[in-house]
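*Asks:* The residues making up each chain are set out below.
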Amino acid sequence: MKQKKQLIKGNHAIGKAAIEAGCNFYAGYPITPQNELTEYMAKHMRLNKRPFVQAESEVSAINMVFGAGAGDARAMTSSSSPGVSLKQEGISYIAGAELPCVIVNMVRGGPGLGNIAGAQSDYFQSTRGGGHGDYRLIVFGPNSVQELYDFTMKAFDYADKYRMPVMILGDGYLGQMMESYIPHKYEPIKNLPKKKWALTGCKGRKKNIVKTLYLTPENALEEHNLKLNEKYKKIQKEIQMYEKANADDGEIIVVSYGTASRVVKNVIEFFNKNSKKKIGMFRPISLWPFPATALRNLKCKKFLVVEMSMGQMIEDVKLALFGKKDVTVNLIKRPGGMIPTEDEIKDKIEKMIG
Amino acid sequence: MKSKKNNNKFSKKIYKRPESLTKVHTHYCPGCGHGIIHKLICEVVDELDIREKMIAIAPVGCGVFAYNYWDFDTSEAAHGRTPAVATGLKRVNPDKIVMSYQGDGDLAAIGTAEIIHAANRGENITVIFVNNAIYGMTGGQMAPTTLMKQRSTTTPFGREPVDGYPIRVCELLSVLEGTTYLERTSVAQPKDVIKTRRAIKKAFEIQIENKGFSLIEVLSMCPTNWKMDAIESCRYVEEKMKKIFPLGVIKDKTGENEKNNTNRCMQ
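Top line first, the protein sequences correspond to chains A and B. Here this note's numbering runs 347 ahead of the position in the first sequence, where the first position is 1. Here this note's numbering runs 48 ahead of the position in the second sequence, where the first position is 1.
Honestly, the hints are just simulated from the structure, not real lab data. Among the clues, some could well be false.
[To be verified] Once the Cα atoms are required to be at most 30 Å apart in a straight line, the calculated BS3-like pairs of lysine-lysine come out as:
#1 Lys558/A to Lys61/B
#2 Lys64/B to Lys624/A
#3 Lys243/B to Lys554/A
#4 Lys554/A to Lys259/B
#5 Lys554/A to Lys288/B
#6 Lys291/B to Lys554/A
#7 Lys553/A to Lys61/B
#8 Lys101/B to Lys550/A
#9 Lys553/A to Lys101/B
#10 Lys553/A to Lys288/B
#11 Lys554/A to Lys249/B
#12 Lys275/B to Lys554/A
#13 Lys197/B to Lys550/A
#14 Lys508/A to Lys101/B
#15 Lys64/B to Lys542/A
#16 Lys646/A to Lys680/A
#17 Lys550/A to Lys64/B
#18 Lys396/A to Lys259/B
#19 Lys239/B to Lys550/A
#20 Lys250/B to Lys558/A
#21 Lys553/A to Lys275/B
#22 Lys87/B to Lys550/A
#23 Lys543/A to Lys101/B
#24 Lys550/A to Lys591/A
#25 Lys259/B to Lys390/A
#26 Lys542/A to Lys101/B
#27 Lys554/A to Lys87/B
#28 Lys553/A to Lys291/B
#29 Lys275/B to Lys550/A
#30 Lys543/A to Lys243/B
#31 Lys144/B to Lys541/A
#32 Lys543/A to Lys290/B
#33 Lys249/B to Lys550/A
#34 Lys101/B to Lys554/A
#35 Lys307/B to Lys554/A
#36 Lys352/A to Lys87/B
#37 Lys61/B to Lys550/A
#38 Lys197/B to Lys554/A
Construct the complete structure from the given sequences, taking the supplied hints into account.
*Replies:* Shown next as structure tokens:
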């Protein structure tokens with residue numbers, strides 16, 4: 348039977364997807380604007396007889412997730428920017444120890460306490476690793492409640508497949524908004540590996556060790572770093588997700604992700620209807636790996652990046668286009684919880700057309 | 049027949065390496081207490097036949113390499129987060145035996161929040177807390193349990209009030225509803241080593257019986273960073289540390305012998 352559309356809040360959609368995808372450990376700490384997710388998990392994990400812990404801190408929550416992930420669970424934690432900063436220690440250890448877990452960041456304005464409005468200012472922190480050491484996370488930047496739901500389910504699979512943390516990078520607006528979505532059955536990706544490395548007691552096998560310390564540089568830590576890097580290169584080949592419209596013959600391509608891309612979509616539709624000029628859009632969905640190849644392959648010479656931060660994703664756009672002749676990249680930036688307006692994007696496009 | 053019996057008699061094993069203890073050379077300094085404590089844990093694990101159920105967490109500090117010696121599943125943890133990692137492991141493996149092995153810097157300084165809240169939730173885990181009043185691995189800095197006037201590389205003239213006072217972890221945790229069993233022991237003399245073994249066994253039994261959080265604080269020696277020889281450092285535990293950290297059962301909520309000696313050291 349075909350599932351009907353339902354109305355749901357973004358934060359709840361993530362919780363629902365997590366429960367359905369078999370999340371069997373959750374630890375969190377209250378922080379706005381993601382509280383509804385922690386509260387949803389508090390209720391539904393208990394109803395499903397799965398462990399839920401309200402941790403004493405974000406630091407503790409992510410380390411509980413480290414333990415649960417090491418112990419063969421599908422573990423998740425969620426927070427918002429200041430809390431995710433606190434989690435960076437644990438994320439580095441989880442990446443180093445190659446443990447699976449899902450981390451949700453409902454980004455709010457920063458730096459410091461900033462505010463509780465949605466923002467995209469944690470792009471660097473998320474896509475560059477965030478904590479100490481050479482590592483990466485798989486980062487998804489959904490732009491709708493439906494995608495929050497879909498990518499949360501996918502996140503658990505990718506975490507298990509690649510043995511690494513996967514982050515859902517939403518924002519306060521996506522978390523708080525209510526929107527229709529179509530629920531569907533969770534279908535795991537095929538051939539997920541068995542977790543032979545997990546700590547479950549050494550019955551019938553040799554002991555397992557989960558560690559991040561490789562004291563000697565030679566033949567130990569460097570080797571470990573190179574091994575991680577091989578994995579990251581593989582993921583870069585296998586995951587490059589994006590959405591595009593009018594992108595192959597657009598005169599100007601607007602690049603944006605998440606909430607900002609919803610505004611851009613309206614602008615593109617406006618130009619489609621009211622202008623002879625073809626304006627296209629390119630929306631990265633996987634923020635790491637950044638869909639660089641697809642972006643680079645576009646013929647367009649003029650790009651406009653629209654983001655709710657002071658110019659973070661634009662660096663990945665420029666890296667993707669590096670060395671291409673006569674390419675210009677412009678930027679519209681609205682930090683601090685502001686959303687770019689359709690008008691300012693239209694004005695900028697008009698100016699770029701000249 | 050008779051002679052064979054005699055042979056057996058002469059070759060009777062009265063002491064052996066516990067099966068859970070691997071056959072490798074130690075990296076610990078001469079006179080260090082970790083080796084004794086590792087062995088006691090392994091003896092108890094063997095005795096209770098729980099090796100295949102064990103999941104241990106090694107701390108940041110000298111004990112980080114504990115997994116080289118223990119022949120059971122072990123994880124590292126970030127500095128001080130050991131009880132949080134233990135919480136995650138135990139919640140998803142409630143039928144396994146989870147042990148958090150921590151030093152004084154790990155447990156009583158950077159990991160204060162984690163240990164207090166794991167204890168307060170009454171997590172059904174066993175914590176072995178090695179208190180040698182100093183940071184060992186980093187080279188002898190002041191620990192939260194460093195004694196007053198004790199010299200360290202960061203209290204070169206001795207610990208003063210401005211540096212804070214030695215924290216009595218067992219007493220601190222004893223006021224929390226969530227704690228089931230708290231005992232302080234020592235490995236500075238054979239009599240106390242035997243008591244430590246007994247305490248560790250009791251702590252594991254409590255977990256096996258799902259009775260909740262237990263912590264055994266073990267006073268231990270660090271000759272290298274105390275700048276003493278092994279015998280002198282044992283004497284230091286006896287004469288100085290025991291005065292500040294009195295041995296004994298601090299709290300026992302397990303039943304017949306219920307007691308809470310929280311106020312003892314304040315009298």
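*Asks:* Are the hints correct? Go through all of them and say.
*Replies:* Right, here's what the structure says about each hint:
no.: 1; hint: Lys558/A to Lys61/B; verdict: violated, 36 Å
no.: 2; hint: Lys64/B to Lys624/A; verdict: violated, 85 Å
no.: 3; hint: Lys243/B to Lys554/A; verdict: holds, 29 Å
no.: 4; hint: Lys554/A to Lys259/B; verdict: holds, 27 Å
no.: 5; hint: Lys554/A to Lys288/B; verdict: violated, 40 Å
no.: 6; hint: Lys291/B to Lys554/A; verdict: violated, 40 Å
no.: 7; hint: Lys553/A to Lys61/B; verdict: holds, 27 Å
no.: 8; hint: Lys101/B to Lys550/A; verdict: holds, 7 Å
no.: 9; hint: Lys553/A to Lys101/B; verdict: holds, 12 Å
no.: 10; hint: Lys553/A to Lys288/B; verdict: violated, 43 Å
no.: 11; hint: Lys554/A to Lys249/B; verdict: holds, 22 Å
no.: 12; hint: Lys275/B to Lys554/A; verdict: violated, 36 Å
no.: 13; hint: Lys197/B to Lys550/A; verdict: violated, 49 Å
no.: 14; hint: Lys508/A to Lys101/B; verdict: holds, 26 Å
no.: 15; hint: Lys64/B to Lys542/A; verdict: violated, 35 Å
no.: 16; hint: Lys646/A to Lys680/A; verdict: holds, 24 Å
no.: 17; hint: Lys550/A to Lys64/B; verdict: holds, 23 Å
no.: 18; hint: Lys396/A to Lys259/B; verdict: holds, 20 Å
no.: 19; hint: Lys239/B to Lys550/A; verdict: violated, 34 Å
no.: 20; hint: Lys250/B to Lys558/A; verdict: holds, 29 Å
no.: 21; hint: Lys553/A to Lys275/B; verdict: violated, 39 Å
no.: 22; hint: Lys87/B to Lys550/A; verdict: holds, 21 Å
no.: 23; hint: Lys543/A to Lys101/B; verdict: holds, 16 Å
no.: 24; hint: Lys550/A to Lys591/A; verdict: violated, 51 Å
no.: 25; hint: Lys259/B to Lys390/A; verdict: holds, 26 Å
no.: 26; hint: Lys542/A to Lys101/B; verdict: holds, 17 Å
no.: 27; hint: Lys554/A to Lys87/B; verdict: holds, 17 Å
no.: 28; hint: Lys553/A to Lys291/B; verdict: violated, 43 Å
no.: 29; hint: Lys275/B to Lys550/A; verdict: violated, 43 Å
no.: 30; hint: Lys543/A to Lys243/B; verdict: violated, 38 Å
no.: 31; hint: Lys144/B to Lys541/A; verdict: holds, 20 Å
no.: 32; hint: Lys543/A to Lys290/B; verdict: violated, 45 Å
no.: 33; hint: Lys249/B to Lys550/A; verdict: holds, 21 Å
no.: 34; hint: Lys101/B to Lys554/A; verdict: holds, 11 Å
no.: 35; hint: Lys307/B to Lys554/A; verdict: violated, 38 Å
no.: 36; hint: Lys352/A to Lys87/B; verdict: violated, 61 Å
no.: 37; hint: Lys61/B to Lys550/A; verdict: holds, 27 Å
no.: 38; hint: Lys197/B to Lys554/A; verdict: violated, 44 Å
Checked against the numbered hints above, the structure breaks hints 1, 2, 5, 6, 10, 12, 13, 15, 19, 21, 24, 28, 29, 30, 32, 35, 36, 38 and satisfies the rest.
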